[in-house]
Amino acid sequence: MLRNSEFFDAKYYGDQVRSSEGKVPKDLVSHYESVGWRFGLDPHQLFSTNGYLAENPDVWKAGVCPLDHYEKWGRAEQRTVVTVAEYDRRHHSKQIIRRVELLDLTHYQAQVPSERFSDVLRALDHYLETGWRIGLDPHPTFSTAGYLHDNGDVADDGIDPLTHFVHHGYFEGRLRVDPVAFAQPGYRTPDSPWAAEIRESLSAYLRHLAIDFDADDVDLHGDVFAFEVQVDWFDSDFYLDLYDDVAKVGIPAFTHFVLTGHREGRFPNPAIRAELTLRDDTERVLLARTLSVRPSDEGGHDGPGLRSGSSVITEIIDRGLIEGDRVVIAFAHDDYVEHVGGIQIVSAREEVMFREVGDSYVSIFPHRESLALSASPPDEFLVRCRIGGELIDGTFPLVEFAQAFSGWFAEQSVVVVMHSILGHSPEAIEVSVELLRPSVACWWVHDYSAHCQNYRLTRNGVNWCGDPAPDSQSCQLCSFGHVRGQHLDRVRSLIDDVDWVFAAPSEVAAEQSVGGHTPLPRRPLVIPHGSIWRDGAARDAHCENEKVRIAFVGHPAAIKGWNRFVAFVSDAGAEAANFEFFHLGIGEQFIPGVTFVELRPEPRGRSVATKKLLDHGIDAVVNFVDGKETFNFVTFEAMAAGCCIVTSSRSGNVIAAATDENLVIEVGDDFSKFDYSSLHNEILRKRRNDVGEFRFTGLTPALIAEVTK
Amino acid sequence: MTLEIFTSVNLAYLPQASVLAESVRKYAPEARFTLVLVNALPERESSHARRLESGLFDDVVTAEGLIGSDHESWMFGYDVVEACTALKGRALVKLLERGNPALYLDPDTALFGPLVDVTKAMSSSSVVLTPHQLDPVAADSPAVDEEICTLAHGIYNFGMFGVSPTDEGRRFATWWASRLEELCVDDIGRGLFVDQRWGDLVPSFFPNFSILRHAGVNFASWNMHQRFLTIDERGDYLVNGDPLVMFHFTKALGIGFEIAKMKMADNPIVADLWRWYLERVDFFSMDLGPTRWSYGFYRNGSEILKVERENYRSLPQNNRPRDPFSGMRLFSDRAWE
Chain A
1 MLRNSEFFDA KYYGDQVRSS EGKVPKDLVS HYESVGWRFG LDPHQLFSTN GYLAENPDVW
61 KAGVCPLDHY EKWGRAEQRT VVTVAEYDRR HHSKQIIRRV ELLDLTHYQA QVPSERFSDV
121 LRALDHYLET GWRIGLDPHP TFSTAGYLHD NGDVADDGID PLTHFVHHGY FEGRLRVDPV
181 AFAQPGYRTP DSPWAAEIRE SLSAYLRHLA IDFDADDVDL HGDVFAFEVQ VDWFDSDFYL
241 DLYDDVAKVG IPAFTHFVLT GHREGRFPNP AIRAELTLRD DTERVLLART LSVRPSDEGG
301 HDGPGLRSGS SVITEIIDRG LIEGDRVVIA FAHDDYVEHV GGIQIVSARE EVMFREVGDS
361 YVSIFPHRES LALSASPPDE FLVRCRIGGE LIDGTFPLVE FAQAFSGWFA EQSVVVVMHS
421 ILGHSPEAIE VSVELLRPSV ACWWVHDYSA HCQNYRLTRN GVNWCGDPAP DSQSCQLCSF
481 GHVRGQHLDR VRSLIDDVDW VFAAPSEVAA EQSVGGHTPL PRRPLVIPHG SIWRDGAARD
541 AHCENEKVRI AFVGHPAAIK GWNRFVAFVS DAGAEAANFE FFHLGIGEQF IPGVTFVELR
601 PEPRGRSVAT KKLLDHGIDA VVNFVDGKET FNFVTFEAMA AGCCIVTSSR SGNVIAAATD
661 ENLVIEVGDD FSKFDYSSLH NEILRKRRND VGEFRFTGLT PALIAEVTK
Chain B
710 MTLEIFTSVN LAYLPQASVL AESVRKYAPE ARFTLVLVNA LPERESSHAR RLESGLFDDV
770 VTAEGLIGSD HESWMFGYDV VEACTALKGR ALVKLLERGN PALYLDPDTA LFGPLVDVTK
830 AMSSSSVVLT PHQLDPVAAD SPAVDEEICT LAHGIYNFGM FGVSPTDEGR RFATWWASRL
890 EELCVDDIGR GLFVDQRWGD LVPSFFPNFS ILRHAGVNFA SWNMHQRFLT IDERGDYLVN
950 GDPLVMFHFT KALGIGFEIA KMKMADNPIV ADLWRWYLER VDFFSMDLGP TRWSYGFYRN
1010 GSEILKVERE NYRSLPQNNR PRDPFSGMRL FSDRAWE
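Those protein sequences? They're chains A and B, same order as listed.
First residue of the first sequence: 1, per the numbering used here; consecutive thereafter.
First residue of the second sequence: 710, per the numbering used here; consecutive thereafter.
Be careful, since some hints might not be right.
Interface residues of chain A toward chain B, partial, derived using beta-carbon atoms under 7 angstroms [stated by the list, open to error]:
#: 1; residue: His107
#: 2; residue: Thr290
#: 3; residue: Leu291
#: 4; residue: Cys475
In case anyone wonders, no lab produced these hints; they're calculated from the structure.
Using N, Cα and C, we set each Cβ at its ideal position, and we do this for glycine too.
Bound-form chain B, shown alone:
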């Protein structure tokens, strides 16, 4: 069986996805890497198009390809983050149809070692999850905030999870995709955080799951307080003694880096990873021109506001405008006449 690795991005995140793809080529050369492009295909001969055809990605699947002719109605209800995460469900279902195990990796991650332990876990479980933290902290530790954040945003980080092509795996994929059709939103108050909070239900609904208790997998700023990077005698990285497999450079070009930098004071070797990553992202950004999200604007060019998407989503399906991108503002209940 071929491991199907996939990620989901809009064109703005193509540099990050490129870094990920390069690392997949290096450490999982046997895998097939699919890029779910939550964007219209870029113009032929454009820098983005050349990148998609460069050989870094084995497959490129668009939102239209996954959803069909109704993709615009579907996409209008979500902002870019929600859309990129929501489409993961449909992509997962599609990939499992190939009869292969599927591993999702967020575009702002990179592999640093082979996926042996991950694939081993997937061989005996239908769903493999990677929790944000693996150990509790002391009651008086400031890192209790990380646990609170986990409770709000989801116990398991859905920047990395694996699903096997078993009956249960397919059931999970179908169920998850269905929830992401309309409920992949950032609404912490309602208990929703895009695709991720749904994962908290996996242990209840899909018993053939496993939690990958490997410190070197999905190493990120949210667990840097309890996972320490060292270098062994040979020069390889260890995370609490486990080999470094994947690091999650969350929000690398913004607040994520600032947060990580603060935590590097107690985990200084992590600076090696960030140095390399930011340089690679920079490298893969160099020959890409500016871009904008194809689902971010009305046809007249004006930007779609989040509140308009929320208003649209709040309407019953059969009451929604047939062509929401036509430029009709949805500030009032009956803005579309």
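Here chain A stands alone, though its shape is the one from the complex:
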């Protein structure tokens, strides 16, 4: 009957037989009927052997040749025929396994000493007829009893586990059971290592999602389709709707999530999905709340004890903390020793540089850290300070301190440096600067706090705004719009009343500071903080079969593009097989598929980030910030390690610096449409093997030298 079948193509079939057996039998039809279908060979490109068996489970249960069945009964019964291409496409991420591939002749023969199997097909026939019923294992890695133990529905249907696994279980994500593991006492009981491992990974994932749930409440046992727990943080309908691969195989949603889904970073409910994948930032915008003007600090002093400014001067004199002919008084928004960030790095570095030439460095910061300017009257504005790296006890009025300082240190040359105005009282600083009579007053454009309290210039704290006109619609509607006017008035008054030298660490920062609608009065001098020195050292070349390693470096904040990185990882899908993802930072975020590497400061040598990037063979660093970075140390540290920088055109000095080093990989502004394959190839092409280190060259000492030459 098959000889006349429209679904038997002798040439098509013959080519398959030749490629698998090296020769072609004369009677191809008989070969297919007796042997070929068992090996999963297809008689015609429009008839998939395994596809027909998968669509018609009663046929494979009967153990008959599928094309034979179709011609005799299936066509009349309008049974589904699947093309070869369709069957391959359906399981695009997995290769078809044939039963014969999971029968090891030697292993099986050893279990049946009373019979002699001439080939694997004879052994397979024996297994399908008898062997599985008496608990024989077809392969060293496939436990018959274990599979039936874990899949009660298969056992109930009386199906042989090998056929079920090949035709259904494999594609449904069911696992084959190792005979050795199955032989262990307590296999897949709630107390087994398997259960403990699932609980541990589930707990870690739920912790990352901030879901308070005790994984011990999930009663894990062998029958994977039996357990189901009603929890308010898991939305089955949402899960099945989002993950149609789970819905198609009919596994209960929660079962899939517990056994597999959480390891793949799948979302248990829509709120978490929205929170973690704010790719277009719409939700972040909608959640932003309008800031109000900071109330007065009057009567609100807390923290270290209040002391007078003159008592601080007395202590400075008694302890000899001020030395040399020059004193640098630098205003920052926080204590550079206690916090991590670009401005803090600069302050720490400057303090060392000035100390090495015999100058004194006084870092002054608000007693109450805030992005909002202080509303205290100028003479009541309180600050703290660190001199020569040493923190001075207590909180004191800035103006009082400046008055006392100007009296006692009149012989010293004073340099005033503005690293950040945030949290300060511009009026108190203006009075203080007048008292201090500096030889030069420097204003660094480390950020855009001279233009808005939102120092990153992001509308609603999310999308780059570029310094719009304060009375424009977008500024008025922005969550910072209410405070911007007052912020600008106060800061600009300070800027206008002091003869500042403006400096920016990059052309991008300089251009932005005069290119918006609230420009600085003068274009800043461009004094980059430093550059990469390549000292001839080299890293290992990328091996051909190695995955590309991509990292996010730093604090996992949305403003730094962390959410976009998480989405980048989770959307990789099948492409993830070509990548390894890393997060280098201080606190682990437990993102499935992302390896965490802790960053701890080291005193000398290459920067800690550069060293860690090299240690872990990172090929590329993503920098998905939305906003014109003024400098971005992470980018330089990564480039020093030879890493490509994956970023967008909107990242300011990130893309500028990476372009200069020919290490930029520019992605579109819509971070949702990555071409992972192209990215993979471009990283391999662009990454550098020569490495170096980032060296500071252009901080305030360089600025002073530039100004006074």
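Since chain A is already given, all that's left is putting chain B on it; use the hints.
Frame of chain A, contents of chain B only:
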């Protein structure tokens, strides 16, 4: 001439009307803003009363003020949405008597820019209409559904329309108000959708009309698929290149927001507007206590069902109960003995 801007609400929508009023103060400070209150006046010293007297609204006109002593009989025939929309007709007639142009704005709208283009259109037309959509979409576009919705609910959105104090403008107002007396109902099958479907007849009946073809006017979820919000170099919003003038936050506290959120995926800057609006509504809701519609209950406190209103409306005028709020149920033809 003074531009007469008016809106129509019950007390539950006072927060939204407050946001609108605030925006009118900002972008049309010269206009007189009238609140048509489809509700009994709230008790003196109540939070709602304080809001009405806060200065946000230049005038407050009640249903009783517009209809007269027969207002209860009139109001019984309509649910709250129908009543709020039906009274627009009478309010329009009244405002035109002042000899000024009148611009109606739905309470869930807000101005974001001056009304220059709107008033310019009103200066040369008797009736100015704002269509739901300004451009057709491709035949295979899913947005064809929006066009079908427009066909069912009215070509022109009556959340914003303008009428000049011309003879034709007054004729339109009189005609429209007359239709809204009894036929301001949601009955799509009959071709009626409250006040709005009547607007489809304007081009036929009142030739001195104009359609305001301005993408920044009456920007809403029903045209978000074809109007895209951008920001110009200065920081001002543009809608397909036109300045943003008015956005319609339809059903903002319910399904309207969910629909808009879905569409924000392709029009993300719209999130700026919604963020601001929901925050302002929240602000204007904070000091207002609970409220209920004064025409929503019988005098014994039980709620009036929609079917009872429909039954009442189906009766000839001279067969209707004189005091429908007295508590007589109208389930049967002769329930009132």
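| request: Please write out, lowest number first, the hints stated earlier that are contradicted by the structure. | output: 1 and 3
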